[in-house]
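Student: Construct the complete structure from the given sequences, taking the supplied hints into account.
So the chains spell out like this:
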Amino acid sequence: MENNTKKLLEIHSLRTYFCVEDQIAKAVDGVDFDIYEGETLGLVGESGSGKSVTGLSILRLIPNPPGFIKEGNILFHGKNLLDLSYTEMRKIRGKEISMIFQEPMTSLNPVFSIGYQLMEVFRFHQNMEKEEAFERSVEMLELVGIPDPRRRMNDYPHQYSGGMRQRVMIAMALSCKPSLLIADEPTTALDVTIQAQVLDLMVNIKKEKVNAAILLITHDLGVVAETCQRVVVMYGGKIQEIAPVHELFHDPRHPYTMGLLKSLPRPDRIKQDRLPTIPGMVPEIFHFPKGCKFCNRCDRKMEKCETIEPELLEISPGRKVRCHLFEGQKHGTDAK
Amino acid sequence: MEQTQNNNILLSVENLRVYFPIYGGVFIKKVAEVKAVDGVSFSIKEGETLGLVGESGCGKSTIGKSIVRLVEPTQGNIVFTKKDGHKVNLVSLNRKEMRPFRADIQMIFQDPYSSLNPRFTIGRIIEEPLEIHCPNMTKQERQNRVKMLLNKVGLNEEQAVRYPHEFSGGQRQRVGIARALSTHPRLVIADEPVSALDVSIQAQVINLLQDLQKEFGLTILFVAHNLAVVEHISSRIVVMYLGNVVEIGQSQDIYHHPKHPYSRALLSAVPLPDPALKDQKKKMILKGEIPSPLAKPSGCAFRTRCPIAKPECAQNIPNLDDIGNGHLVACPYWKELNL
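Keeping their order, the protein sequence lines are chains A and B. FYI, in numbering that gives the first Met the number 0 the residues of the first sequence are 0 to 335. FYI, in numbering that gives the first Met the number 0 the residues of the second sequence are 0 to 338.
Treat the hints as calculated values from the structure; they're not laboratory data. Note that this is a predicted model, so its numbers are computed, not measured. Even for Gly, the Cβ is constructed at its ideal location relative to N, Cα and C. Worth double-checking, as some hints may not be accurate.
[As the list claims (entries may be wrong)] Rough simulated footprint, nothing fancy, chain B against chain A, three-plus residues with beta-carbon under 8 angstroms:
1) 13-24
2) 192-202
[To be verified] Label-pair ranges, simulated between beta-carbon atoms:
3) Q279(B) <-> P146(A): 51 to 57 angstroms
4) P306(B) <-> K205(A): 24 to 30 angstroms
5) N203(A) <-> Y22(B): 39 to 45 angstroms
6) D199(A) <-> K86(B): 34 to 40 angstroms
[Claimed, not checked] With a cut-off of at most 27 angstroms between alpha-carbon atoms, the simulated DSS-like pairs for lysine-lysine come out as follows:
7) K277(B) <-> K205(A)
8) K286(B) <-> K205(A)
9) K270(A) <-> K282(B)
10) K286(B) <-> K208(A)
11) K300(A) <-> K25(A)
12) K261(A) <-> K213(B)
13) K277(B) <-> K270(A)
14) K277(B) <-> K208(A)
15) K206(A) <-> K44(B)
16) K208(A) <-> K213(B)
Tutor: Okay, structure coming up:
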């Protein structure tokens, strides 16, 4: 959308592989995208598409072994995160880039009080004294709408409900005012009315810090449509389409994106008797086709799709598609 | 309350209450009760799909489970109409008397990973209900029926010898559906059948359920939290909150003109996959959380989060009033809510 804004994070040809029983599972296989300052970028895909692994790779949280980052660059403020030492990386996690995980039940430590876990962020990253950290933590809890925050500081995670725990995670992730927030399925485990509260809260952090960006990893296209400005669609460890949100939903180009959007029940539109579907299912990671990863489910498959992997082509400013159908339309070659 | 004399009503749930006791203290006395379902009445007509929606903890799954008696109701009646037109109160039956009805009422579970026995082949999983409920069938007949069912749900006959771990989530859910259909059920209770599946697989399973419903003339109680899916598949919808029904109506009416403040909040919270609607849609974000069913608010359970709550709401439990066209709303003040 706003191409003139500054890039906050650049990911270049990221490959994250996992060793599984003598085989290499290419969970993320050559991913390139940028996150601009102040934007909310959606990263969507089904299970096994590599979206979560991409998010974890940015913070270098891939469990090693079995996983490792084969190659790539992740530039954040010009620094390559993959070159940093363990201690340098720790200073970035939670302070400049923070993450919210899907499971609010398992991402808090059950044997420490909520207050202790919140204060840890302030004490580690900002060297605060206990009293000051306590006050700041109470403020954060208040910000995310926990009632009676001073008393609830001493409670343990099991005394909080799912929605409240996810809000504590958000409070923790936001307490150092990070410039990038990676949210991995932040609302999937929550009910819809609580989901609305949590999304509202996340998007509002931009009022706290102007240039903060959010990378929202989700499979829920509704959530993407409501919160994001740009969308990256992944399938089979590769980016299939990048587009501004309005263009993606109203004019999807990749057959996979089209299929996904059509298969959603749309009660706000004229009632269909049957939902259009994408045939087949996501193959197991070792059984993706050799050429285009989607070709065995695609309704517009051509012969070369099976053997030649299409490139991610820029078809108009800010729009990229990985599909042989668009090969002749490379932006810039004939237009200018 | 709805009319139960109607001939084509297959199942009616009357004033159902399911309380779970909580024991504590030195003498393991009953210290409290979780009112999971607190006086629910609705009926399902033959051949229709009734959607049951609500957030976690509202009791929707408990209702499904108490119809097949996987949980024992504390109070109330569940009246099932037999093929010959006789009505039977399932709650009054003992285990043995209940057995023939289990073939008529089958269930599809949410989690396709834990609802199939990992040590049985899928052929055996589908065959087992036949062994129990149709003892007159020969082995050959049973196996033919298993093959037929596998084909019907879009799997291969050859796959009957494989084990559940060899299948993906969507395929396992197909096995669960085949198992539920094996005994010629008249009522299928589908408890969140698609919520564990990927988006592209969800549509396949929904279509399959609809096709099978047409073919076998099934009646479906579709329990789910995803309103878009429920609206698509159901002809009528029951909205629940904290153990109570707050609204019942035709699915179009509920989706496009919800009346109860909770239904309206629930619908406005559903994110639509269309960025152009984002600015038009008025969001109604509820304050606070669902109260624990252990400490249910007095009167109307929704009053602690309701934007139009009045002092009277704490005293009176609202009735389900008919506002016309079979649309029932449990809020006397719904007209006051303007967005």
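Student: Decide, hint by hint, whether the structure agrees.
Tutor: Evaluated hints:
Using a Cβ-Cβ cut-off of 8 angstroms, 0 residues of the segment 13-24 of chain A lie near chain B, which falls short of the minimum of three, so the contact claim is violated. Counting residues of the segment 192-202 of chain A whose CB falls under 8 angstroms from any CB of chain B gives 7; the rule of at least 3 is met. In this structure the hint that Q279(B) and P146(A) lie 51 to 57 angstroms apart at CB is violated, the actual value being about 32 angstroms. Checked against the hint of 24 to 30 angstroms, the pair P306(B) and K205(A) passes, with Cβ atoms roughly 26 angstroms apart.
Under the hint 39 to 45 angstroms, the C-beta atoms of N203(A) and Y22(B), about 43 angstroms apart, fit the expected range. The beta-carbon spacing between D199(A) and K86(B), approximately 48 angstroms, falls outside the hinted interval of 34 to 40 angstroms. Distance check on the hinted pair: K277(B) and K205(A) sit about 18 angstroms apart at the alpha-carbon level, within 27 angstroms; holds. The suggested pairing of K286(B) with K205(A) holds, with an alpha-carbon distance near 21 angstroms, which does not exceed 27 angstroms.
Between K270(A) and K282(B) the alpha-carbon distance is near 23 angstroms, which keeps this suggested pair within the 27 angstroms criterion. Taking the CA atoms of K286(B) and K208(A), the gap is about 25 angstroms. The hint holds against a cut of 27 angstroms. Proximity of K300(A) to K25(A) is assessed by CA-CA distance (about 23 angstroms); at most 27 angstroms being required, the pair is judged to hold. In summary, the hint linking K261(A) to K213(B) is supported, as the alpha carbons are separated by about 23 angstroms, within the 27 angstroms threshold.
A threshold of 27 angstroms between alpha carbons decides the hint, and for K277(B) with K270(A) the separation of about 21 angstroms falls inside it, so the pair holds. For the given pair, K277(B) sits about 23 angstroms from K208(A) by alpha-carbon distance, which is consistent with the 27 angstroms threshold. Between K206(A) and K44(B), the direct Cα distance comes to roughly 52 angstroms. Violation of the 27 angstroms bound is thereby established for this hinted pair. In summary, the hint linking K208(A) to K213(B) is not supported, as the alpha carbons are separated by about 55 angstroms, beyond the 27 angstroms threshold.
Hint violations for this structure: numbers 1, 3, 6, 15 and 16, all remaining hints satisfied.
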